[in-house]
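Undergrad: Starting from the known structure of chain A, fit chain B onto it as the hints suggest.
Protein chains in written order, with this note's numbering: chain A, 1 to 230; chain B, 1001 to 1505.
I should point out that these hints are in silico values taken from the structure, not numbers from a laboratory. Misleading hints may appear alongside valid ones.
[As the list claims (entries may be wrong)] What follows is a list of derived Cβ distance ranges for each label pair:
hint : chain 1 : residue 1 : chain 2 : residue 2 : range
1    : B       : G1493     : A       : D130      : 48 to 54 Å
2    : B       : D1416     : A       : V139      : 33 to 39 Å
3    : A       : A157      : B       : P1287     : 41 to 47 Å
4    : A       : G124      : B       : I1488     : 39 to 45 Å
5    : A       : N158      : B       : P1220     : 32 to 38 Å
6    : A       : G145      : B       : E1090     : 50 to 56 Å
[To be verified] These stretches of chain B come out as covered by chain A in the derived footprint (C-beta under 8 Å, 3 or more residues):
hint : stretch
7    : 1356-1367
8    : 1412-1423
9    : 1436-1445
Just so it is clear, CB atoms sit at the ideal spot from N, CA and C, and this is done for glycine as well.
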Amino acid sequence: MAAGLSLVSGGASRAPEKVQLENELGAPWRLPAPSIPTLSELFAVHPRDGGWAGFLLAQLATERPLLWVQDRMAILESGRIHPPGLPTQDLIHVEARDAKDALWAMEEGVRCSCLAAVIGEIWGDPKTLDFVATRRLAVAAERSGTPCWLVRLGGNANLSGARMRWRIGSAPSLANSLDQRASGLPAWDAELFRARGHPPGRWVASEADRFHLVAASGDRALGEKRRLSA
Amino acid sequence: MPHLAIERWAKSADYPPDSPVVLTVEGTHGLLIHAVTKAAAERGARPGARLTDARALDPTFIAVPADPESDAALVDRLARWAGRWSPLVEVDGDGLRLDVTGVSHLFGGEAGLVRDMKRRFAALGFTVRVAIAPTAAAAWALSHFGGDEIEPLHVSALRLDLDTVRTLERLGLKTVGALMDMPRLALARRFRGAEDVVEALDRMTGRKPEPLTAAAVDPPPRALIKLEEPATHPEAASQALERLVPMLVRELEERKLGARQLSLIGYRVDGSVGMASVATAIPSREPKHLQRLLADKAAELNPEFGFDAFALTAGWAEELGAAQESLVEEPSGERELARLIDRLTVKLGPQHVRRPQPHESHLPERASGWGAAISSPAFAGEVAREARRRGPSTSYADPPPLEIEGRKVRPQRLLDRAEAIDVIYATPEGVPRRFVWRRAVHDIARVEGPERIAPEWWRQPSSARLRDYYRVEDQAGRRYWIYREGLIGDGRGGLPNWYIHGLFG
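Chain A extracted, bound-state conformation (with noise of 0.2 Å):
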């Protein structure tokens, strides 16, 4: 996974002292990570919420190509992709007509080791992904190696495959120096809920040379003091 990403703040909320002692708030940090490959789930907190995008984009290798499968409520509910404004312009869009056409564009794209990373964007809760569809993903892109990312959208945590799920918001932006009334970088608030062989814990994250942690959601004093004595 590309090191693009760094914690820029906040504390896991249920196993706290052990991230809060390996990372300090501000140092670079990498986030909790599947030791090889594989499927991972993550839920916008709001289908309106483009947050998500970031935080994942943030992660990805880029020298090789996307594959980026849409449904067509994903499409017209949250938007299309607009690769202006994607780190990599080396990608394949799917527009599936419905999460049945999606899946089997993933697991073709899963399957295929000359991807960077498959990114499955789903609509709600349909039928056709349940626990075999996302298990099927998660062995085929642990077999073929090919980190493979189903987004949920408006979506319920049901029962999955997946091996970590995320759960992912936007977090208020850090401080900009040039323009007070700006933006700064983007933030956001991650919760991981699930994990097989990690605590669960909840972060406030920004992009970096690594994801660094910021303070924790709503205290925006203690990251900017940290951004800025960085």
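TA: Structure of chain B alone, referenced to chain A:
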């Protein structure tokens, strides 16, 4: 096919076979007879006559409107079906012209070919008159007027217009032979322009070439199997595909070609064809891949009354050198990617599997063009290299840059249609304070802008308004891209409207 219209009608109608039916078309002076049944012909009905005249002879004629469009469609279908004899088939009015050069020996000589054609068309219930001649014009003349020689044929066999024929008759030149004996110069001087008799004569004698369609110099790679018995089971096409793919791949290998487009054509016994086509992103002649692409579509071909022949054609082939990917059978990244694109495109359609195709434009929705992935194979190089060079250049302490190497910061997601929002802002050009999108209120905590994008006056109407884009962040930290269209008093409409266009990640 002299009786095509009436035979097509007879196949679908439920009148007794000996009823005097005439097919009619609208003429300038009432209905004209287009085609007649045998019974009607015996009672004096002639094609071309007026229906009222025929009714005067015998009032029992049953008039049915003809359907020339369906007749033409049938001829088209039969032309495709006639591909079983020759790859070069052309529709010529109500007939077909086939280039059978070098083909007839496959069917037991020219006589055998004619027999086979007559037999198969008769099996479909169509009367055909077949003639093989060294030139297309002569073949047409012989098939329409009968006989073995062209000299004794009437001059109308030259397909001249009616006036010219009448002039020739008046001059005493009634047969083609008589015309051929005339000095060319005299003929050329007497008949000029549209009624060029000499040219028609040359076409018939072969002095002037008359090629069928644009004859392909290189016939596309093609593999063909003929079945002894019509196959009606549903797997027929799939099984044929399994046999055809290795045959075609062998031909592609010999000619150092790779297929970009493949069609599996099944010829049915009833004279129709079933066709399945796929395309590939890079030329390929790998049997497994080609077969996998076509398999689903082949399985969907409906045998109806049974297939009796299959052809697999690479309608579009490109040069592909003899290449070995590596010692171990592991395809390279690019090739594997192309195969992935092929598979996705076959199932989802080319309009749903796309790659970015940047446009030189300031309007965001135009700048991010999309092109079918299958038709942009050489893509990976340029754009990817450029993106890598650009790279993520932010560091922790820096505020987010407005531009990265001359490119404006753009949202990760763009709505297909910018959606109208209600915005509270300080008029006339103040920053937005609060907006309502899809009935949810967003209080704007931070705002940056405007970035002004002027309309492209060279392609938009003069009433198009400029856009002032703002990057806004609401209380929860969600970042959006909104714009105000127009200014107060810009003379291009009333109060400016606000729209939301994108979401930042």
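Undergrad: Now, for every hint given, state plainly whether the structure supports it.
TA: These are the hints, each one checked on the structure:
1. B:G1493 x A:D130: 48 to 54 Å: The hint (48 to 54 Å, Cβ to Cβ) holds, given that G1493 of chain B and D130 of chain A are roughly 51 Å apart.
2. B:D1416 x A:V139: 33 to 39 Å: holds, 34 Å
3. A:A157 x B:P1287: 41 to 47 Å: holds, 45 Å
4. A:G124 x B:I1488: 39 to 45 Å: holds, 41 Å
5. A:N158 x B:P1220: 32 to 38 Å: Hint violated: Cβ distance 52 Å, outside 32 to 38 Å.
6. A:G145 x B:E1090: 50 to 56 Å: holds, 55 Å
7. 1356-1367: That given contact holds, which follows from 4 residues of the stretch 1356-1367 of chain B lying within Cβ reach (below 8 Å) of chain A.
8. 1412-1423: Check passed, 5 qualifying residues.
9. 1436-1445: holds (count 4)
Checked against the numbered hints above, the structure violates only hint 5.
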